[in-house]
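As a plain string of letters, each chain reads:
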Amino acid sequence: MYQLLKQIAKTGIVSEPAPLPDAALRALEQRLGQVILKHFGRALAIRHVDAGSCNGCELEIHAMNSPYYNLERLGIKFVASPRHADMLLVTGPVSRNMETALRRTWEATPDPKLVVAIGDCGCTGGVFGESYASCGRVSNVIPVDVAVPGCPPTPVSILQGILTAITPGRK
Amino acid sequence: MPLNELPIDVEPLAGAMPAFCASVPAAELRGLCEQARARKARLVALWGSDETQRSAGYALHLALGFPSGLLWVSVPLSRENPHYPGIADIYPAANRMQRATADLLGIIPSADADRRKWLRHGAWPEGSFPLRKTVESGARFAQVPDRYPFVPVEGEGVHEIPVGPVHAGTIEPGHFRFSIVGEKILRLEERLGYKHKGIEKRFEQMTLEEGAKLAGRVSGDSTVAYAWAYAMAVEGATGTEPPPRALGLRGILLELERIANHLGDLGYLGNDVALSFGFFQFWRLKEDLLRTQAQLFGHRYLMDAIAPGGVAKDLPRAAGESLIAHLAKIEREVATLKSIYDEHAGAQDRFIMTGQVTPELAERMGLTGLAARASGIAHDLRVDYPIPPYQQLDPRAASHTRGDVAARVALRFDEVFESMRLVQALVQQLPPGDTRAPVVAAAAGARGLGWVEGWRGEVLIALETAGANRIHRLHPHDPSWQNWPLLEHAVHGNIVPDFPLINKSFNLSYSGVDL
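So the sequences go chain by chain: A and B. Residue numbers for the first sequence follow the numbering used here, beginning at 1 and rising by one. Residue numbers for the second sequence follow the numbering used here, beginning at 172 and rising by one.
The shape of chain A in the complex, shown without the other chains (with noise of 0.2 Å):
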């Protein structure tokens, strides 16, 4: 317990500061209203789909909850079910054997819902595209507010694609 408690204080806090939000990331304007949004912004429910990826944009997933990223500090959090959700994080081209599965996860999300789509292939199809077995970009399937690129983005870009669909602001 006493080598615990110290590999804990010699790590000290290593979190760094948030990233702004950034307008170029959306793909909608904002839906939802000031009064809304300043809700969101401190008590954020974000429920995690992965809807074909190659788990790329998983480990950066993970990374964000790791401590230099530290989410839970800003009110976001991951939750276990849709219903719980304010916001759909989804990577992947949408996989067809996926198709109803993410479909039936947005209906199950409460409004007003926000939807974020990770990734070069959450954001036009990726190095995987249409195809028998592929639907392509997220916003196939379902309506995006903001869509992050990059393979994998990293979790600066996911948390500023984040913070961009609970601001203020126009397209």
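Keep in mind the hints are simulated off the structure, nothing from the lab. Remember, predicted model here, so these are calculated numbers, not experimental data. Heads up, the beta-carbon is just placed ideally off N, CA and C, and yes, glycines get one too. One or more hints might be untrue.
According to the in silico footprint, chain B covers these stretches of chain A (three or more CB under 8 Å from chain B) [to be verified]:
{"#": "1", "segment": "5 to 19"}
{"#": "2", "segment": "65 to 73"}
{"#": "3", "segment": "110 to 117"}
{"#": "4", "segment": "127 to 138"}
The hints should help you fit chain B onto chain A, whose structure is shown.
For chain B alone, coordinates are given in the frame of chain A:
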């Protein structure tokens, strides 16, 4: 020439790894597999191909791992009746591979009882086979209703918990059907294939050069292993010789990928036993390493760092020294964290004897890679076939025999330390010279094999070229094919709340097997 281990005639296959090809009629397939099994050869992969455009019907392919090398067996099948005797009773791991091959190509195992679909959910109808050459790359099928017969478990007090495909955490999609009594798991049945996005068909629309990017995205967490296996296959098929410096750099990249993934897993394994301290500490160290990788190689996960012919980026001397210094710092911290994990009674209580796969079961079912080494099967391609750059380094395969979560945790610690030693040696012994050789143009119908020990286990790429530097058929094979069925066994008798811990201790790929 005859193969050392079997009385059959084989052709040596040019490439970095020792490999041979043989063609066997369907009637002799089972006999061959029985003999191979008796000589302890393991089934590395099984896939099919459409040869109808070369007026030759279809073909089934097997990759068998012998001590003298990899044997690529091809079984020609007729255009009218592409059936073959199934081998899942000889090699249990073949079950899902046979079913996937049937879904994609209509190549049917006639003897086996389990003929359920695997990759085909609702995206294409029964009787359509998207990987056949007659199906255009732009083809679309209407969604059809998806029904899948899970094996029912009945009895007093038995009930089912269906989980997924959308899970509670940040995990890839898949469906787990638990049959339980109280908290105890009686049976787990997996259903995967949700991420099937047509990777193999996609390869067939690409040139050898374009394929490298896709290969690095079959399973993003193993991008280095796949990129190296792809490069090895292309180099074998084209007769390209990568420079020695490039091979040294590939070794460094592969070991860094192993370290990064193991650090992440060790963090999550702590997290899953409520030791969130472990998560934060290991993910801090992992992030340090990712940033170093971005700085030195231009990508946090080293994507596209390996290309056919060599590597994309050199490591100058000063950068190599800073990498070694950086790893030494991480190593000291990992050593501290290891002693904290080892002495943490609460964590060890959850780890020990949880999710056990005995050596006997592992052997019977064909467990492979990291998980196999935790269950007493000491296979490691870096040790078994020490080709450059591993030749002079004398790599040591970690091994544990208990096969529980604790063994898979201990194995990861061992491999982190060994990989750090390897990186250090590779940096110090990096040969001078070029980092990339031009890729020779490929002849149509040339074969190449890539076989690399990724962090999860052996990654295989089997390639056959078409004309004009294009791909006729490419099968990427992830070790998770072999290991997913063992997860179903590992959870027997465990309680449902331990499933996430057991699952994480294997950390298998979904995208790598759904393709």
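Hints and how they fare:
Check result for the segment 5 to 19 of chain A against chain B: holds, 4 residues qualifying (beta carbon to beta carbon below 8 Å, three or more required). Only residues whose beta carbon comes within less than 8 Å of a beta carbon in chain B count, and the segment 65 to 73 of chain A has 4; three or more means the coverage holds. With a cut-off of 8 Å between beta carbons, the segment 110 to 117 of chain A has 0 residues touching chain B; three or more are needed, and the interface restraint is violated. Against chain B, the segment 127 to 138 of chain A contributes 7 residues with a C-beta closer than 8 Å to a partner C-beta. That satisfies the three-residue criterion, and the hint holds.
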